[in-house]
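Asker: Residue numbers (my numbering): 1 to 139.
Keep in mind that the hints are not guaranteed to be accurate.
[What the hints assert, rightly or not] When the alpha-carbon atoms are kept at most 30 Å apart in a straight line, the in silico DSS-like pairs for lysine-lysine are as follows:
1) K55 with K23
2) K26 with K55
3) K18 with K55
No lab work stands behind these hints: they were computed from the structure.
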Amino acid sequence: MEPMDIVGKSKDDVSLPKATMFKIIKEMLPPDVRVARDAQDLLVECCVVCGREEKRTIAPEHVIRALQVLGFGEYIEEVYAAYEQHRLETLDSPKSGRWASGAEMTEEEALAEQQRMFAEARARMNNGNANPPRQSDSD
Numbered sequence: 001m002e003p004m005d006i007v008g009k010s011k012d013d014v015s016l017p018k019a020t021m022f023k024i025i026k027e028m029l030p031p032d033v034r035v036a037r038d039a040q041d042l043l044v045e046c047c048v049v050c051g052r053e054e055k056r057t058i059a060p061e062h063v064i065r066a067l068q069v070l071g072f073g074e075y076i077e078e079v080y081a082a083y084e085q086h087r088l089e090t091l092d093s094p095k096s097g098r099w100a101s102g103a104e105m106t107e108e109e110a111l112a113e114q115q116r117m118f119a120e121a122r123a124r125m126n127n128g129n130a131n132p133p134r135q136s137d138s139d
């Protein structure tokens with residue numbers, strides 16, 4: 001007999017109710033965006049698959065399994081192809097973000113930048129100025 005974690009339910013049976021998941025989906029999207037019930041069911045099933053595997057992030061494999069469970073097996077090949085295309089495009093594209101300028105700093109430059117940032121922070125803290133004007137990058 002399995003141990004019961006929550007009043008009469010085993011660990012495998014505990015998850016968010018579908019209605020709660022639908023509400024979360026609706027609240028996360030802009031008001032003018034509507035999601036088909038099949039797509040909502042797919043997301044809920046992905047969460048169930050993740051829960052069974054004790055994972056916290058939905059992976060492509062979870063989507064594929066959810067499609068099978070929900071009877072959308074005919075879409076699996078197309079979904080997998082779209083996933084592969086997305087994966088290839090994101091691998092080829094330059095990484096976005098604050099430090100993705102493409103130019104690497106030497107260790108000395110990084111240390112000098114770190115010291116400059118510490119000095120700025122120290123000055124702000126000592127002067128009580130939380131938002132001083134930023135220096136230009138041409139220094």
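Asker: For every hint, state whether the structure bears it out.
Answerer: To see whether the hints hold, each was checked on the structure:
{"no.": "1", "hint": "K55 with K23", "verdict": "holds (22 Å)"}
{"no.": "2", "hint": "K26 with K55", "verdict": "holds (23 Å)"}
{"no.": "3", "hint": "K18 with K55", "verdict": "holds (19 Å)"}
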